[in-house]
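Quick mapping for you: the protein sequence lines, in order, are chains A and B.
With the numbering used here, the residue at position 238 of the first sequence is 259, and numbering never jumps.
With the numbering used here, the residue at position 202 of the second sequence is 218, and numbering never jumps.
You may find that some hints are simply not true.
Claimed, not checked - Derived CB-CB ranges, DEER-like:
| hint | chain 1 | residue 1 | chain 2 | residue 2 | range |
| --- | --- | --- | --- | --- | --- |
| 1 | B | P204 | A | A39 | 41 to 51 Å |
| 2 | A | L145 | B | S132 | 47 to 57 Å |
| 3 | A | P201 | B | N94 | 27 to 37 Å |
| 4 | B | V136 | A | E199 | 48 to 58 Å |
| 5 | A | P201 | B | M130 | 14 to 24 Å |
| 6 | A | E203 | B | T177 | 24 to 34 Å |
Claimed, not checked - Residues of chain B clear of chain A, computed beta-carbon distances all greater than 12 Å:
| hint | residue |
| --- | --- |
| 7 | I73 |
| 8 | P103 |
| 9 | L153 |
| 10 | Y180 |
| 11 | Q184 |
| 12 | N233 |
What the hints assert, rightly or not - Quick look at which bits of chain B chain A covers, simulated, 3 or more residues with Cβ under 8 Å:
| hint | stretch |
| --- | --- |
| 13 | 47-53 |
| 14 | 90-97 |
No wet-lab data here; the hints were simulated from the structure.
For each residue, glycine too, the CB sits at the ideal point set by N, CA and C.
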Amino acid sequence: MASRLAIRQRYLWNAVLAAAAVLLLVWSLFPFLWILLTSLKAPAEIISVPPKFVFTPTIANYTALVMGEQQGQYASARPDFPSFFLNSMIISFGAVALSIAAGIPAAYALARFNFPFKNALAFLFMSFRFVPFIAFVIPLYILYHVLGLYNTHLGLILAYQLISLPFTIWMLRSFFMEIPMEIQEAARIDGCSAIGVLVRIILPLSGPGIAVTVILGFMFCWNAFNFPLMLAGRQTFPVTVGAIQFISYEQVLWGQMAAASIVAVMPQLILSLLVQKYIVRGLTMGAVR
Amino acid sequence: MMYPFGLGLYYSLTSYWLQYPNRFRFVWFDNYISLISEPLFARALQFTLGFTLVAVIVQVGLGLVVALFLHARVPGRNVLRALMLMPLMMPPVITSLMWKIMMASTNAGILNHMLSFIGVDPINWFGSTQGAVVSVLIIDTWGNLPFVSLVLLGGLQALPTEPYEAAQVDGAGPLAILRYLTLPLLSPFLVLVMTFRTMDSLRIFDVIYATTAGGPNDATTNLLFMAYQYSFQWFQMGKGMAQAVVLLMLVVISSYVLMRLWNRTAENAA
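In isolation and in its complexed conformation, chain A is listed as follows (with noise of 0.2 Å):
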C-alpha cells in the first residue's frame, strides 16, 4: 500500500516537473515563434480578431523590407532596412577589431604585470560596464557636432568602445590569466621579450578565447541601441535604431516591423549557438566561467 502512494507521488512529481519544463519552454520560444508567424501574415490578418494561427503566408513583409519599399500608403518614412543592415555590420565590426587591437596589450598588461593602481585601472574599465549610458551620450552629442564626428560610422565606432573595449578587456584578461605562468617564464629564461611572449606564447594560446572575446563582443555591439539612437543619423542607423522606424507619426508596419526584427536577430541565433558555453562568461565579463 505504502510503496503504491510512494509510486503515485512519484509519477505526481513527474508530471509537474514536465509540465514546467513545457511553460519553460513556451514563455521562452512563444514570442519568437508569433513575431514569426506575424512576419508572414499580410496587413488585414495582423489585426484580425481573434488572432490567426493558420492562414496564407506571403514573404511581402520581407520583399519590401528588402526593395526598401513599403506597403503603406505613405511615404515620408520609408525605413531603408538594407542599409541599416550594413551599418550594423560596418559599426560591430569596425567597434571590435578597435577594441580588440586596443585591448590586447591592455589586457596582457593587467593580467601578467604588477604596476602602481592596476587593480583600480581593471576596475574603472568594469565600472564602465555599469555607468548609464547618457552621462556619456550629452557631452559626445555635443562633441560630435564640433568635431564632425556626428552621424558617422567612425564615430559610432568610437563610441561603441564604451561598449566593447572594457568587455575586451575584461574576457581577454580572463583568457590569459589561464596561461600557466611556468610556460611564460620558461620563454622569459630562453631570451624572449615581454612583447615576444605576447606575441608567441600567449596570443596563439589564447586563440579560442581570442574569438570568442570578437564573437560575443560583435554580438554586444549588435545589440547597442543607445549609442546610435542619439549619434547616428538615418544614414547610419544600425538595425535596432532602424526597426523602430517602422512606427510613424502616420502608421505602424507592424508586418514589416516583425520581418525587421527576426532578420535583425539572425546573427545573434546563429553566433551565440557558436559561443553557447562562453556566453555567461561573456556577460559577467568574465566573472563566472
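Once you have looked at the hints, place chain B on chain A.
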C-alpha cells in the same frame, strides 16, 4: 573616455540650450536645485527605485526557481538550456517590439486573446498606468531571466557534492537542504546576479523607449528617461546632464552597497 565625462560634468553646471548657444552661461548648481524641486523628479526617482527593487526580486527569485529546476534531472534539460539562450542575446529593443506586437490592447493581441480563454478581460497593456509598468516588467524579465538562471545554474553545478552526501546521511529533507546548504553555498552567485540586475534595472531605457516612451502620464518615466527627455527632446543639455549625474550617484551608491554585500558573502564562504 574620461574626457567626455568631465566635459559633461562641467555642462551640468551650465545653462545650455542647444538651440540658443548664445545663452550659454555658468549657473553653478541651479540645474540640480530646479531638478529636485520638480514634481516629476520625485515620481521618476520613485519609479526607478521601485522598479529596480521589484525587478531584482522577481527576476532573481524566478531565476533561482528555474535554475534549481534545470539542475534537477529534467528530461530534455540541455535542449531547454539552449533554448533559453534565445531571449538572452536578442537586442532588448527587438524584444520590446516583439512584445509590443503581442500586447496589442484589443483582442487582436495574442496575449489578450490567450488570456480570454481563462476568462480575463482584455488588458490595456501600454495604455493604463499600471498596465504599462507591468508590461515593462514582463518584457524586462523575459529578456533577463535566462541570464539569472544560467549564472545560478552554473553556480549550482560548481557546488561541492560532499556536504550533500553528508546531509542525506543525516536525513535532511529537500527544503532543509535548500535553506541551510544550497542557498548559503550559492550566495556569491546570488550577489553577483543581483549586482548585474540592479545596475541594469536602474538604467533601463531600451524597453521603455520602444514601448511606453515614459507614459502614460509619465508612469514609466525613470531618471534615465527623464534625462533623455531633457537633453534630446527639449535640448536642455545642462539640465539633462545634471539629471544624469544624479542617476550616476545613485548607481555608485548601490554598487558600493552591493560591493559590501559581496565582501561579506565572500568572507562567509571562505
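Outcome of the hint check:
Range check, P204(B) to A39(A): Cβ separation about 32 Å, and the 41 to 51 Å hint is violated. The hinted window of 47 to 57 Å between L145(A) and S132(B) holds, with their beta carbons roughly 53 Å apart. Restraint check, P201(A) to N94(B): a C-beta distance of roughly 31 Å satisfies the suggested window 27 to 37 Å. Taken as a hint, the range 48 to 58 Å holds for the pair V136(B) and E199(A), whose Cβ atoms sit roughly 52 Å apart.
A hinted range of 14 to 24 Å for the beta carbons of P201(A) and M130(B) is inconsistent with their spacing of about 55 Å. A hinted range of 24 to 34 Å for the beta carbons of E203(A) and T177(B) is consistent with their spacing of about 30 Å. Remark: the non-interface label on I73(B) is consistent with the geometry, its nearest Cβ contact in chain A lying 19 Å away (cut-off 12 Å). At the 12 Å boundary, the C-beta of P103(B) falls inside the reach of chain A, the nearest C-beta of that chain being 6 Å off.
The claim that L153(B) lies off the interface holds: its Cβ sits roughly 15 Å from the closest Cβ of chain A, which is beyond the 12 Å cut-off. Distance to chain A confirms Y180(B) as a non-interface residue, since its nearest Cβ pair spans about 19 Å, more than 12 Å. Chain A leaves Q184(B) outside its interface by the beta-carbon criterion, the shortest separation being 17 Å against a cut-off of 12 Å. The beta carbon of N233(B) is kept farther than 12 Å from every beta carbon of chain A, the shortest such distance being approximately 20 Å.
By the rule of at least three residues with a Cβ nearer than 8 Å to a Cβ of chain A, the coverage given for the stretch 47-53 of chain B is violated, with 0 such residues. As drawn, the stretch 90-97 of chain B meets chain A at 4 residues by the rule of a beta-carbon pair under 8 Å; at three or more, the given contact holds.
Taken one by one, the earlier hints fail for this structure at numbers 1, 5, 8 and 13, listed in ascending order.
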